[in-house]
Amino acid sequence: MKKILPLLLALLLVPAFYFYQKSNQLVQQEKATEETSPSPSTNKYSLAEIEKHNTKDNCWFAVSGKVYDVTPYVASGMHPGKEAILEGCGKDATVLFNTRPMGSGTAHSDRARDYLNNFQIGDLQE
Numbered sequence: 001m002k003k004i005l006p007l008l009l010a011l012l013l014v015p016a017f018y019f020y021q022k023s024n025q026l027v028q029q030e031k032a033t034e035e036t037s038p039s040p041s042t043n044k045y046s047l048a049e050i051e052k053h054n055t056k057d058n059c060w061f062a063v064s065g066k067v068y069d070v071t072p073y074v075a076s077g078m079h080p081g082k083e084a085i086l087e088g089c090g091k092d093a094t095v096l097f098n099t100r101p102m103g104s105g106t107a108h109s110d111r112a113r114d115y116l117n118n119f120q121i122g123d124l125q126e
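Take the sequence shown: its position 15, counted from the start at 1, is 15 in my numbering, and no numbers get skipped.
Be a bit skeptical, because a hint or two may be false.
Stated by the list, open to error - Listed below are the simulated DSS-like cross-link pairs for lysine-lysine, each with C-alpha atoms no more than 30 Å apart in a straight line: (1) 44 <-> 91; (2) 66 <-> 52; (3) 82 <-> 44; (4) 52 <-> 91; (5) 56 <-> 66; (6) 56 <-> 91; (7) 56 <-> 82; (8) 66 <-> 82; (9) 44 <-> 56; (10) 66 <-> 44.
Derived by calculation from the structure, the hints in this document are not laboratory data.
Owing to the predicted nature of the structure, the values given are computational and were not obtained by experimental measurement.
Generate coordinates for the entire structure from the input sequences, incorporating the hints supplied.
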């Protein structure tokens, strides 16, 4: 019994220590990535730059001074308005986003605005 207890303790502590070390490494890697990755708000894009990204396969637009690369969202086919999103590619799409002239004529929901933040790549240069 006296020999089994230390063995059981070792069997529990070794994996726990291993997972603690791995977890700590991941946290350190995430911190390093956050410190070196530019945040979307540090990137500035001119309207001329946005205009270059005006296709289904390369779709950027600006809304309320923020710039978004929605190419993966367009490719996913998940937009409820289907092709309507393409009207904004390569433009300042603030009016389109706020009025949805091809749809209901009302502004997008708060949920849609929140979801759009996933695609922010920077700010519109003034």
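Now for the hints, and whether the structure bears them out:
no., hint, in the structure
1, 44 <-> 91, "holds, 15 Å"
2, 66 <-> 52, "holds, 16 Å"
3, 82 <-> 44, "holds, 28 Å"
4, 52 <-> 91, "holds, 9 Å"
5, 56 <-> 66, "holds, 20 Å"
6, 56 <-> 91, "holds, 13 Å"
7, 56 <-> 82, "holds, 11 Å"
8, 66 <-> 82, "holds, 22 Å"
9, 44 <-> 56, "holds, 22 Å"
10, 66 <-> 44, "holds, 9 Å"
The structure meets every hint from the earlier list without exception.
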